[in-house]
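Chain order of the listed sequences is V and E.
The number in our numbering is simply the position in the first sequence, starting from 1, with 900 added.
The number in our numbering is simply the position in the second sequence, starting from 1, with 261 added.
One should not assume that every hint holds.
Claimed, not checked - Once the Cα atoms are required to be at most 25 Å apart in a straight line, the calculated SDA-like pairs of lysine to any residue come out as:
(1) K941/V - K317/E
(2) K360/E - N917/V
(3) K941/V - V348/E
(4) K936/V - N288/E
(5) K919/V - R996/V
(6) K360/E - M915/V
(7) K944/V - K329/E
(8) K940/V - A370/E
(9) K266/E - K952/V
(10) K941/V - A302/E
(11) K971/V - T1008/V
(12) K922/V - A972/V
(13) K944/V - F307/E
(14) K941/V - Q263/E
(15) K940/V - D345/E
(16) K266/E - V960/V
(17) K936/V - S269/E
(18) K360/E - L954/V
(19) K360/E - F942/V
(20) K940/V - V348/E
(21) K317/E - R996/V
(22) K298/E - F942/V
(23) K967/V - Y910/V
(24) K360/E - V912/V
(25) K940/V - T287/E
(26) K944/V - L272/E
(27) K936/V - P301/E
(28) K315/E - P301/E
(29) K298/E - T907/V
(30) K922/V - K298/E
(31) K952/V - F307/E
(32) K360/E - H929/V
(33) K944/V - Q275/E
(34) K298/E - Y1000/V
Said to hold, decoys possible - If you want the footprint, here are the derived chain V segments under chain E, 3+ residues with CB under 8 Å:
(35) 943-953
(36) 966-980
Quick caveat, the hints were computed from the structure, so don't treat them as lab data.
Idealized CB from N, CA, C, for every residue including glycine.
The residues making up each chain are set out below.
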Amino acid sequence: DTAVSQTPKYLVTQMGNDKSIKCEQNLGHDTMYWYKQDSKKFLKIMFSYNNKELIINETVPNRFSPKSPDKAHLNLHINSLELGDSAVYFCASSSRGDQYFGPGTRLTVT
Amino acid sequence: DQQVKQNSPSLSVQEGRISILNCDYTNSMFDYFLWYKKYPAEGPTFLISISSIKDKNEDGRFTVFLNKSAKHLSLHIVPSQPGDSAVYFCAARGSSGDKLTFGTGTRLAVRP
């Protein structure tokens, strides 16, 4: 009964490829997020969706496109992957306050 | 421009003693603060939070103190246990939205 789940947990791919990461939450929360944790372990928000609508977009390259088919899911699609995209990506959800995180997806671009 | 800072990258404490993790922020618009705990290869786990209208919030062994005038908050863990060994992130949020701004984390090691 995982609250926030992500797939895959690990993703290794080559530069130039397109890949997607999926996120699902069963907490009934209205808001979902994508965060990136870089090599310096700094956690930074990328996107936020509230009831399937984009509310935060933190100047992320447009190669990154979030998609929210319903309020329980927020997927992240990345086009033309670059070496600098290697990081751990965390999905999170919240309802009026505290955010709950998924286990993370470690993306390695070679 | 790091608005939330955790100046101690690591802290080592003896089991049973108090652990004090510190966090400073610069943005006076922040009005809600959270602490997260993170184990390797897992996502951050919410621990405790505090609103800016309070100066203290307690939950079991965990207490968060907020000093608004100093723009400083701290997390106290007492007594510390080996299972508390993890990276602790401080985060802050403004009243205008849900966006959380995180510090860079403090790695706590509790020695048996």
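Status of each hint after checking the structure:
For the suggested pair K941/V and K317/E, the alpha carbons sit about 28 Å apart, so the restraint of at most 25 Å is broken. Distance hint between K360/E and N917/V is unfulfilled; the C-alpha atoms sit about 30 Å from each other, more than 25 Å. The hinted pair formed by K941/V and V348/E meets the criterion: a straight-line CA distance of about 10 Å does not exceed 25 Å. Taken as a hint, the K936/V and N288/E pair is honoured in the structure, with Cα atoms around 22 Å apart against an allowance of 25 Å.
About 31 Å separates the Cα atoms of K919/V and R996/V, which puts this hinted pair outside 25 Å; it is violated. Restraint check: the Cα-Cα separation between K360/E and M915/V comes to about 30 Å, which exceeds 25 Å; the hinted pair is violated. As the CA atoms of K944/V and K329/E are separated by approximately 24 Å, the hinted pair is consistent with the 25 Å bound. Simply put, K940/V and A370/E have alpha-carbon atoms about 19 Å apart, close enough for the 25 Å limit, and the pair holds.
Annotation: proposed proximity of K266/E to K952/V is violated, straight-line Cα distance about 32 Å (limit 25 Å). For a cut-off of 25 Å, the pair hint linking K941/V to A302/E stands: about 12 Å separates their Cα positions. For the hint linking K971/V to T1008/V, the alpha-carbon distance of about 28 Å lies beyond 25 Å, and the restraint is violated. The suggested pairing of K922/V with A972/V holds, with an alpha-carbon distance near 11 Å, which does not exceed 25 Å.
A hinted pair counts as satisfied when its Cα atoms are at most 25 Å apart, and K944/V with F307/E qualifies at roughly 16 Å. Of the pairs offered as hints, the one joining K941/V and Q263/E holds, with about 14 Å between alpha carbons and a cut-off of 25 Å not exceeded. Restraint check for K940/V and D345/E: satisfied, since their Cα atoms lie roughly 22 Å apart, inside the 25 Å limit. For the hint linking K266/E to V960/V, the alpha-carbon distance of about 23 Å falls within 25 Å, and the restraint holds.
For a cut-off of 25 Å, the pair hint linking K936/V to S269/E stands: about 22 Å separates their Cα positions. At roughly 12 Å between alpha-carbon atoms, K360/E and L954/V fall within 25 Å of each other, so this suggested pair holds. For a cut-off of 25 Å, the pair hint linking K360/E to F942/V stands: about 15 Å separates their Cα positions. Simply put, K940/V and V348/E have alpha-carbon atoms about 13 Å apart, close enough for the 25 Å limit, and the pair holds.
Between K317/E and R996/V the CA atoms are separated by roughly 20 Å; this keeps the pair inside 25 Å, and the hint holds. For the given pair, K298/E sits about 14 Å from F942/V by alpha-carbon distance, which is consistent with the 25 Å threshold. The straight-line distance between the Cα atoms of K967/V and Y910/V is roughly 20 Å, inside the 25 Å bound, and the hint therefore holds. Taken as a hint, the K360/E and V912/V pair is broken in the structure, with Cα atoms around 29 Å apart against an allowance of 25 Å.
For a cut-off of 25 Å, the pair hint linking K940/V to T287/E stands: about 21 Å separates their Cα positions. Proposed proximity of K944/V and L272/E is supported: the alpha carbons are some 23 Å apart, at most 25 Å. Distance restraint check for K936/V and P301/E: the Cα-Cα separation of roughly 15 Å lies within the 25 Å cut-off, and the hinted pair is therefore satisfied. The straight-line distance between the Cα atoms of K315/E and P301/E is roughly 32 Å, outside the 25 Å bound, and the hint therefore fails.
Straight-line distance between C-alpha atoms of K298/E and T907/V comes to about 22 Å, which keeps the hinted pair within the 25 Å bound. Taken as a hint, the K922/V and K298/E pair is honoured in the structure, with Cα atoms around 23 Å apart against an allowance of 25 Å. As the CA atoms of K952/V and F307/E are separated by approximately 24 Å, the hinted pair is consistent with the 25 Å bound. Annotation: proposed proximity of K360/E to H929/V holds, straight-line Cα distance about 15 Å (limit 25 Å).
With a C-alpha separation of about 32 Å, the suggested pairing of K944/V with Q275/E is violated against the 25 Å cut-off. With a C-alpha separation of about 11 Å, the suggested pair K298/E and Y1000/V falls inside the 25 Å cut-off, and the hint holds. Here's how the stretch 943-953 of chain V fares: 5 of its residues keep a CB closer than 8 Å to some CB of chain E, so the rule of at least three is met and the hint holds. Coverage of the stretch 966-980 of chain V by chain E is violated. Counting CB-CB distances below 8 Å, 0 residues qualify, and the rule asks for three or more.
Of the numbered hints listed earlier, those contradicted by the structure are 1, 2, 5, 6, 9, 11, 24, 28, 33 and 36.
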